[in-house]
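Q: Fit chain to chain and form the complex, with the hints in mind.
Note that the protein sequences, when read in sequence, are chains A and B. According to full-length UniProt numbering, the residues represented by the first sequence are 1 to 474, in order. According to full-length UniProt numbering, the residues represented by the second sequence are 1 to 488, in order.
Since the hints were made in silico from the structure, they are not lab data. It is possible that some hints are incorrect.
Here are some chain B residues pointing at chain A (derived, C-beta under 7 Å) [to be verified]: (1) L15; (2) L19; (3) Y28; (4) L34; (5) S35; (6) K38; (7) R42; (8) V43; (9) Q44; (10) N113; (11) E230; (12) S486.
Using N, Cα and C, we set each Cβ at its ideal position, and we do this for glycine too.
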Amino acid sequence: MSVVTNTTTIGAIELPSRRNTELMLLVFAVVIPIFAYANVGLAIHGELPPGMLAYGGGLAVLAGLAHFVVRRYAKYADPLLLPIATLLNGLGCVLIWRLDQSERLQNLAKRSFGAFSESAPRQMMYTAVAIALFAAVLMLLKDHRTLQRFTYISMAAALVLLILPVIPGLGADVFGAKIWISVAGFSIQPGEFAKIVIAVFFAGYLMVKRDALALASRRFMGLYLPRGRDLGPILMIWAMSLLILVFENDLGTSLLFFGMFVIMLYVATERTSWIVIGLLMSVGGAVVVGTFASHVQARVNAWLDPFGCYTTSGACEQVGQSIMSFGSGGVLGTGWGQGNSDLIGFAANSDFIFSTVGEELGLSGVMAFLLLYGLIIERGVRTALAARDPFGKLFAIGLSGAFSLQIFVVAGGVMGLIPLTGMTMPFLASGGSSVLANWALIGILIRISDTARRPAPAPAPSPDSEMTQVVRPS
Amino acid sequence: MNKPLRRISIFCGLLVLALLVRTNWLQYVQAEELSTRKENRRVQIAQYAIQRGNIIVKGGQAITGSTATDGSDYKYKRTYVNGELWAPVTGYASQAFGSTQLEALEDKILTGNDDRLFFDRTIGMFTGEKKAGGNVVTTLMPDVQEAAFKALGNNKGAVAAIDPRTGAILALVSTPSYDPGSFAGNSKADEKAWVELKDGEDKKLVNRALRETYPPGSTFKVVTAAAALEHGVVKDVNEPTDTPEPYILPGTRTPMVNHAQGCEKASLLAAMRVSCNSVFANLGDKVGRDNMVETAEKFGFNNDKIDTPVRAFASVYDKTMNRDGNAQSSIGQFNTAATPLQMAMVTAAIANDGKLMKPYMVDQLTAPNLDVVEKHEPQEMSRPLSAANAQKIQQTMVDVVENGTGKSAKIKGVTVGGKTGTAQHGEGNKKRPYAWFISYVQNPDGTSPVAVAVVIEDSNADREDISGGGLAAPVAKAVMDAVLKSKI
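Next up, chain B with everything else stripped away, as it sits in the complex (with noise of 0.2 Å):
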């Protein structure tokens, strides 16, 4: 009987062959996967574990906190210092809900399991000290932020606020915002706050800083005027361009409307501070679609990979319409959708003399004990347009608040640039327009240490460019002022 014994001992060890077969699978090359799939609430339960650590602003203040919780898996619950107003910077970090933004870019960090966290949680495993979460460190400044929130009062809309030099992003504000804490624990309430924040009209959740793209209207003229420079079709801004008045849209019959008296012929600075919708867009038709499309994707636009870390839409300028449409799209209107954070990289790249830096926010990862565990360098995005055509462009925007549209951003004793913008919204220009405001602070030293864009949604008046001027350049100018007072 010893043969089949042998036979049947070779079958139990390919019983237990195939299980430690099977056991390698799961454990090691699945292992991954498995502990990751959505499914598994390994993953929440870790993430709220410990004590998360905080979203700090400039200046030290922790703008997030911790709390512990008892009856639920979740040990500790996520607070928030001011929820509304940071909202579109950290994102929320919610128990039943997930998390979105610097929350979850940043989790491994927050969580402190991050692998670059790994001598800590080795030391702290000898020296008996408790796991916890390293901090990120971001360059919004505290005084400006809330400058702007306050501006915005009970418009929708959106504010960024860029430090042209380096690309740090100063203002995040999106209106109306949301408070993260409302719904960051799992019980009924906080199910009810969200679902009242989900389905709520108006879409509150919604990050406009970054995550929403607009018509940027007439603001988009600094664009084409970039690309008339650059590409030749303008070399000196105080020459009149062959524009007649009325200009009719190339292969059309349409007129383009002014709103302003003495476009015919403008010169480009003159365009510029009354606003002028056909000189631009004779200019951007001049210029041609594919040297247009080239300058703004210089300037940031077609790009779906902007990251601050938090992705920004990809604001657009369309690749394939016919030269009409690319006429119209030259004034901001038509296919043209930029997202603030665009716009403020526009005056940004023109305020730095046409250096763009990438925009960021987060300045420092910190372990627990505060130590430095990744710093970020200023980097350099592109060059949309040489120096001497960027300061051609200041000057135009330096006369828009001087003596054209913008005046209401006028602050006393520096040199301010700007562009108003007022954008068609709807069918047939039935909604209410978005008001829009781009400008830069530059200091006596040429340099300037803030560009904002400032979109606001739901704007009364109706003629163009009046109300970028009314209600959108007090909100820069009082970011701006911000920046200007700030001491940090």
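If we strip away everything but chain A, and leave its shape as in the complex, we get (with noise of 0.2 Å):
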């Protein structure tokens, strides 16, 4: 007698495809951040905002299309990755208007800048572009493992677009990091969009290398490791992500990308002395660059005690007041435009936008936004985990922890619990490099889970299995 084991997660039976679940849920993520939008209007303006119905009209219309465009292409796709993404994506555009409305913010602006100009606009023409974006992915990707031909072509998009802020005339030095470029008027983060090209080389890389990395290695005090030509690319990307950190100030982008390998490599692998090695590496850096760069310390300086140079340092201040306006917030929040987060000055509305989540709905609607997050990244994990194929698995997990290193290193920077770097909170910070890239992200992620939930294909009526069921001992 056989024994039918399930070993994979996709059965032969014909599952609900649950398009009509995600319907459900994103009239509830379009709904929700119009009447947050009213919410801000009363509180501010004592009358209902009168863009309402068209930021309303536009968010439906938005999700309704990448709704259409998932149900067309990608019709077993995780039904909560697009949901989540539009709440998080509409409530990030009240937050912003939110913060269009502060005079505070207004008048800083035109001491600076000389004029004050709104972002939520902005904003919602990004998201639009976002979205098309999204449906670009999904309608060109017919399956992600085509982007496997792409590996070394990606690695040097990757380092492309990881240089390009340091060329002289095309990059713009804003505050401190050299991380924007600009072109035609529109200053664009490559960093963001590095991300998930330098994740699609690390998986082709890794599911070609995963071997010879796992197998081919000596043993050196209880650790494999592995041999030089394999370890040489790895050894490049550390490097990597310690010039970029040197060059262009941003410490969070390298935390992000050295995270993210040392991920995938763990599972492309399965030793854990990758993890440890991948630790003592980025220890190894942390001390290096902590002992020379001047505003690293001035920001670990800051974390320590975020009001011992508050007068003085422009890094203290900030972190200061954002703890200051988690704190002011309470449990349930001062309600939708009626805080004061604004006093963070500049950087409110972009790496500093979960400040106003904390002090104007409260722990209870930071961990609400937590949640959503941890959701994003449980549909992605559960994804790789679904994935029949060892590049869409690492292609998948990289995303997702990349995702999730994301919001720990900016969550927990603006909430003091390690130090600040300067990276936005994916959907909710103003920025359009940020939209874009993470709309495309979910696009991805939804490509690959379409793949993973695809029901096998029946298989051929084999005249052999006939035979076969026939034979009896006797």
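A: What follows is the structure, encoded as structure tokens:
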């Protein structure tokens, strides 16, 4: 008698596609931000905001389009990813609009740049472009394994993207970090896109080299050390992430890349020694950078004692203000539009947007947001588990791992859990590159999850199987 | 590859968990501390976000106001009606320089943030009414305050007047004073006014009535008299004491100087009338340091928690000095120091037949709609002396005003008791002495509507007791007159 064990997560039975679930969740994800928008308008101006219908309609149309594309091109995709991203993006627009209404920030902008321009309409436009990009990813990328072909091209592309901001004339030094380039009046943060591109390279490279890395190694002090020629690219990544940090003052991105690589390496080789080596290397890197880069030292000091250098150092003041935002929010928050998170100053709607959540929505709101992010990560990891090909697995875990590291680094930074690094909170923070890159990331995860959850094609009837069944020992 | 994937998923979960723990720590455990940090401008922003409630004096007149400002984080600015007159009562609430006294202590009521206004705010949420601040209704009488302020004139000094029956503070004046409205905002002009006041020689910001101690001089003799009667050293105020002339301070060769004649073996009544130093030094020595401390403390000395609710500085009667120090302290010199409020409390206790009522100046706290949130009930603080002994001292104090050094406080038609004092000041008595006068008015039924203490820092006369009687007594008289004439 044969025992049937289901070793894959995918059975041959027709799975429900869950598209209708997704639609219901999307309705929810559109209605909530509209209420939030009304809430801000009532709190600040005492009336419903004039653009409420246009805004709500716009969000609904965008969500509907995205849903249609998923229904058409990725029928079996995970039903949670799109609604959560829509909800976060919608609430992010409301938060940005709320900060646009702050007189304090308007005056600050007038003093520093001579004029104030609203960020919310721009963010809506970026959102529209991002959802178009999302749709394009789903339509053009029929199978994520196609990307395997571009392994080394991706590496080159990632390097170029990362180096762009340092090129004189192209890069723009904004508030000390050289992570922007300006093209035709738009500033782009190439690092955000490099995140995805480099995940392609890692996944492709590791899929090929995993056996070499895992098995062809020497034992040294209880650790398995790989051969030099396999180790080369890894060392290069490490050096690269340090260089990014040194030349572009971008602590966050270097940590993100390095962390993502260690995670993928560990998953590919199943060797714990990689975690140890990765940790050692990052500690080494951190010590070196911490000793030589003064702005990193300033941030570490600000983290250790946010109020110690409060009046003297900008780094301290931001962290201090941010922590006080969270504290002043308390458990229930002050309510949309009723806090003073704009005291943080110029980065209030970008790097520090999560402080506004902390102050105006309180502990309950922050926990809800963190759980939403947690859900995205969880769906991503689940996608990686379900994926049937190693490339898909590595790609999905790389993207989800990077996403979770980014959440941790940004939210941990503004909450004073770890030293501050300048990165954006996905979907919330104002900025085109971030929105575009994260929608592309969601698009790719949806594509992988569609492939993973798609029912296996029914086996072709084989004459042999008939035969097997009738043979009986006698 | 699924095993490491599961581990990575746990790792990602831990990252999110760390954030969840951190936010709970910040927003629940540390929320209170963070939201009230001094660096947190929200505290001031909230303080001035709405029209602040008012401080109101007896009769219903508001002595504060609020005015809208623009171009700043702070929407409203505090204004003051007759700021110089009321500064010792209100303190100040400045957008740039913080707040003090009633403005600081009752801030929650004034800003409408007090928990007891919760229902008010909740109802306001539904009726759409704007949040408003509550009011602080004080016990101060505007006529009396003005009379005291006018009588002090250009002198540097202070007046504290109490209703002995309840402990209600009727007047609290400190001169030279300042206008809290001059630095209520946060403009350049405000800063200039503030710096001038803070660094000025006159110490205008000091509340001399509550928060400055002076040697009480001869006015302290009533405390010594109370101690002598309470501890049985003197039984009859008319009986001669055994004081020699000259009286040599115990354990020294220094004679106690008298400015008056006829102090040898003078009775308590006679000694009080002309203010004999020798007699009271002798009595204080006989009572002994510990008993003197006991009586002084019952009157409120050595107590650093006299909250009206504005906390008064502790008046001092030294607990560790030796015999000759105790003898000198018994006439209000050496280590003895008292606030004007403290001496008013001493007078009030004597006038109220030995019962000292806790001094207070906030009668009611009201909600914006004038509903009473809290009402002060008069409380007994202590009984420094028996009713019989209090009446004996009253007899001597009336004698001081009728026949002694305090004649200038006499008021036609009522009984007035008082005591003068001129306290030496500075090394070797070089600086100008402080002129003191304490007094009370007695109704025909034996109760007393007011007890008052006056101190003038910069008296020109330096002869013992004459300056107290000449300079300070008319001020006290003006205050008592105002209380008697007041229709409120």
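Q: None of the hints should be skipped; say for each whether it holds.
A: Here is what the structure says about each hint:
With 7 Å as the threshold, the beta carbon of L15/B comes within range of chain A, its nearest partner Cβ sitting at about 4 Å, so the hint holds. For L19/B, the interface hint holds, since its Cβ comes within 7 Å of a Cβ in chain A; the closest pair sits about 5 Å apart. With 7 Å as the threshold, the beta carbon of Y28/B comes within range of chain A, its nearest partner Cβ sitting at about 6 Å, so the hint holds. Taking 7 Å as the C-beta contact cut-off toward chain A, the hint placing L34/B at the interface holds, the least distance being around 2 Å.
About 4 Å separates the beta-carbon of S35/B from the nearest beta-carbon of chain A, less than 7 Å, and the hint is met. Interface restraint check: K38/B against chain A, minimum CB-CB distance 9 Å, threshold 7 Å, status violated. Annotation: interface hint on R42/B holds; nearest CB of chain A at approximately 5 Å, less than 7 Å. This hint is violated: V43/B has a C-beta 9 Å from the nearest C-beta of chain A, more than the 7 Å allowed.
A distance limit of 7 Å between C-beta atoms decides the matter here; for Q44/B the minimum to chain A is near 11 Å, and the interface restraint is violated. With a cut of 7 Å, the hint placing N113/B at the interface with chain A is violated, because the nearest CB-to-CB distance is about 13 Å. Taking 7 Å as the C-beta contact cut-off toward chain A, the hint placing E230/B at the interface is violated, the least distance being around 54 Å. With 7 Å as the threshold, the beta carbon of S486/B stays out of range of chain A, its nearest partner Cβ sitting at about 46 Å, so the hint is violated.
Of the numbered hints given earlier, the model fails hints 6, 8, 9, 10, 11 and 12; all others are met.
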